[in-house]
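For the record, the sequence lines run as chains A and B. Note that UniProt numbering gives residue 217 to position 217 of the first sequence, counting from 1, and the numbers run on in steps of one. Note that UniProt numbering gives residue 64 to position 64 of the second sequence, counting from 1, and the numbers run on in steps of one.
Hints were generated in silico from the structure; no laboratory data involved. A few of these clues could be false.
Listed below are the simulated DMTMM-like cross-link pairs for lysine to aspartate or glutamate, each with C-alpha atoms no more than 20 Å apart in a straight line [unchecked claim]:
hint	chain 1	residue 1	chain 2	residue 2
1	A	K233	A	E179
2	A	K42	A	D54
3	B	K71	B	D622
4	B	K224	A	D177
5	B	K224	A	D265
6	B	K71	B	E662
Just so we're clear, the structure is a prediction, and the values are computed from it rather than from any experiment.
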Amino acid sequence: MRRWQLTFAMLALGLLSACKPPPANDASMGELMGRADDNFAKVTPNQALKFPQDHLAHPKFRQEWWYLTANLTTDSGEALGLQWTQFRIALNSQAPNNHSAWASNQLWMTHAAITTASSHQTAERWSRDIQLAGAPAGVSGLPLNVWNENWRWQASATHDASNPNDGLLPATLNVSDNEVSYRLSLTSRAPLVLQGDNGYSVKSADSKVASYYYSQPFIQVRGQVKLHGQWQKVSGQAWLDREWSSEFLTRQQQGWDWFAIRLDDGSALMLFQLRGAGASTPFFSGKRSWPNGRQNAIAAKDIQLQATQYHSVGAKRYPVAWQINLPTEQLQLEVTALNANARMPLSVNYWEGPINVTGSQNGTGYLELTGY
Amino acid sequence: MSSFGLSWCALKVYLAHYRQAPLQAGAILLGIILAVTLLVGVKATNDNAIHSYQDAGEALGAQASLFISSKSRRGSIDQQLYFDIKAAGIAAMPVVSGTLDDSDGKPWHVTGSDVIAAMSALTHHTDPHAAAKVNPLAQLPLVRLLAGEPLIVMSQSQFDAMGFSATGQHQLLLGGMALTAIPLPDSANLGHRLFLDISVAQQLLGQPQQLSYIALFGDIETLKQQLRASHIDLKQVLLTPQDQGKALTDLTASFHLNLNAMAMLAFLVGLFIAYNGVRYSLMKRQRLLIQLMQQGISRRALFSSLLAELVLLVFIGSAIGFVLALQLSQWLQPMVAMTLEQLYGATLLPGQWRWQWWAQGAGLTLVAALLACVPLYRSLSHGSLAQGGKRYLQALAHHLTHQRLFIIGIVLLLLTALGYPFSQQHRQSLALLGLLTIAIPLLLPQLLQWGLALLTKLTRPGLWRYAIAESRELIAPLGLAMMALLLALCANIAMNTLVGSFDQTLRSWLSTRLHADLYLHPGSDNIAPIERYLRQHHPELVYFYQWQAPYFAAAGQIQPINLIGRDDVSISETTVFKQPATVAGQQAAVAQTIAGNAVFISEPLALKLKLQPGDSIALCGDSQCQQATRLPIAAIYFDYGNPKGEMVVSPPLWQRLSLPAEPIGLALGHVKAIDTLTRELEQQFALNPAQIYSQQRIRSQAIAMFNKTFSITLVLNTLTLLVAAIGLFSAVLMMTQSRQAPLAMLRALGVEQTRIWRMLLVQIIIVVLLTCLLALPLGAILGYLLINKVTLQAFGWTIAMLWDWWAYGRVVLLSLLCAIVAVLLPLYWQSRRSLVSSLQQEVM
């Protein structure tokens, strides 16, 4: 689910205007992201997702992302978190009226981060969509190839009909930047998890806004990460989210708190709350899944989230520790950030970092906080 | 009372005096204001331009560290190379640029790029506080730009300058496409550039899938490492590091030096006015100062009070001058920008003001004013207490001073003449010019004395002889203003001569250089298909080719040049030779060069490297000159096209140097219907007007462009003349006012009012005309030096000197007009006063 709100936040908060590329003010970001354009494709229920085609881009929708978070350990035992996200942003539902391959109505934005207990490195790439072979950024396949400059997710062909991730995994993920560099091999035999109702993920109580959303929470990772200037071997687990939509948030929604947790019993827990304005009740959603394909949807009334500790980064205060109670799942969890300073100071500012989980079960995962 | 208290008292008395005679303080202030305005105005313009060279980044982007361009000049590179560089993770920006004509045929330089790449590049240079600032790029209509809508982005200043703000009409027809103009705040550092999205730029410039160059960002060594590691084939392209504007600063040094010299001249003229004002006010206060001393104010206190008065006047004058200078610079900047952009390809960014300029202007004025006035103050405050109106003694002193000045002037003139053959450098020649500039006004008072003495003898006795004889007495009070006028007149005559001569030289040079009817620059890839088509459909045409590549020439020092390849006919028929001078020598040089055994070099390059025909020169493809091809120089040719060095070689030599085989330009001769063929080619090969030029169009554009080279100096010169005219006006005004008493006496003696008026007019007209007459030979000498030394050495352009009588007549008329108005005005005032009150002036 989730990251779409990032792009919506760009529109709502005009955040891009405050910093780097491509900076734009509220008015032009309104043009960029939110020009009243009803001609984008709509997200409707009962549309079965089709694989492997749905791993590719859906340019008729306004926004989309390929979002990977990983909890890894170096050979020396140091815990770290790692993020890679490629966003596709459609500026207009209409194709450009200019025949040049450079004329475009799509942008690519990619974020990458490496977070340890003591450091948090981030990087960003922006490219315009160019309809030419060898263009600096895009999505192609299958097997899936997602790239922005020299950052690339490249899946391998398996020719194995029994692989539930055919076209998506196995894959390599390479990111190279002054601040953030890693080379990872990703594999999984677990089936994909269709979030919400078979991939139709509602984002408001009145069901007016929704997205298509699926995940792969059970990815095995091996590879190398550049830490403190040295390449180090790492291994661990990663979580991939795929989501696309044309309208993500209602006007009243302020931001969200999103949890992706892998528990020691092997299950994966996805939870989010969308915070409304003032003291209004947040909109909750959650699902617990297992590598064997078992899934438990968690009803909104059965989700209790309570922030227990706040931490200031820059001018913002983020809730970096949480108490989670899920009575139907018999789970009482305490969540703490590996590094409370894990704010992403990029074109869009948000908090995203690895977390440790204790309580009725132990585990690790990722937390994302926006709209603060 | 302490010395300080006494000085303070004296100062208060002066203030009261100036309240009575505001014209005196006004004249001093006017001189200081004008001097500081022109000095600081030009300094601000120059400093801003030089800073622009250092700071200018890519359009909408940061300053690049490395550039990748085609080895062939004006050649393009495939955009695939840009994609490969991006795929290697290197921060880069694609740029396609060129010239497009508007609906009136006026050419505009446009830059096209990917706005996302440009803004991404900014991250490499964003300062930590940037986030807090309002980003000017926020106003970009990103969606429409990326969609390839016909938009053209420019700075607000440029938007205003092009008249879009005033008319409300935002459409610009360029290359046949109607583009909507979008203004961005000047802080976006677009300067005078016109920015297009790359999707539109490639189409308009007829360069689909091609780039003019790629700008790379980041640490230069890291970039080189990344390029090596990427294994991208860079053999066919040129890598040029960012030089922080060094090449541009070097190239434009002469231009800025000339501007500074003009500013100093204007400053000098302004100071003349101020000094004249100080002298006049002292003359009028002589009695007052003596009275002050008689009442017990010590000489020291008097001296320091006069000094304090001067410092105060300089402070006030320079503060006002500074404000006006900022305005002047605003006004000059677009003109300078146009010259610098068209001639040198520089980009000027919006300027910033520095308080140091005011400090420098005020400091220089103060030092100059103190140097000029302290002796005057000393002699005054050390004068005898019993000193009264010893006019005869004063007149005697003036005569002596005039003679001394004349002798100094003659010595300086002789020094200039002696130095002339030895001055080989632009700076040395400017120093000679400075000597001459000082000598000219020094000669004036004595020459005026002699001229008027001669005229007196030639005039019949009576009132007219009295009038002319009395004119000699005017030389002392008017001397300084006349000196300033003479200086400005000479500078103006010299500058007009230079510009007029240059225009003629350029026209005749273009006649020889432009031999074909139609010139095509369709991009290297298009030349072969166009030629095939033309040979098939227009067999009567003849073809001329041109190749160009950035190269280096070494002879003592290594100099970047444009290496030009020309076909045999172009080499033999369109070269305008400087050396050798004989036809036989030129024929031999042509034969030698066509055979590929020698080269022609342009006059600017020959002067820069001090080369003669027969010398040898090394040609190198790299800036270190590691692999050099050494060849003799067969000839030196005139080149008014650019101040950068150029070298012409024949096709066989071009091939031997392994340079790109495709020509960049094709010229067609024997074209019967130029317009028809132009249209045919435009349609057949989708050429835009920037790619196809008729001889007529090149000629008119070249003349228009190169004339602009001098537009800024011409403007400064006119300003200097205006300053001098104001000086003359104020001096004549003050003098005529001071003569109210003797004139009233003449009236009391029965001379008619109209006769007095006529007498005064004739007196001033004679003095001004004599000054203008002197300006004729002196201005010609100055012009000769300007043309044959300064311009030749600064730009490398030999110009045949032509005299322009009309321009001379104009400045004479202007001076006369100023003088006449300045005489008539106080006379008109006087005619409104009673005779008695005018007579009383004598006592005051």
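Cross-check of the supplied hints:
{"no.": "1", "hint": "K233(A) - E179(A)", "verdict": "holds, 17 Å"}
{"no.": "2", "hint": "K42(A) - D54(A)", "verdict": "holds, 15 Å"}
{"no.": "3", "hint": "K71(B) - D622(B)", "verdict": "holds, 11 Å"}
{"no.": "4", "hint": "K224(B) - D177(A)", "verdict": "holds, 16 Å"}
{"no.": "5", "hint": "K224(B) - D265(A)", "verdict": "violated, 51 Å"}
{"no.": "6", "hint": "K71(B) - E662(B)", "verdict": "holds, 11 Å"}
The earlier numbered hint that this structure contradicts is number 5, and it is the only one.
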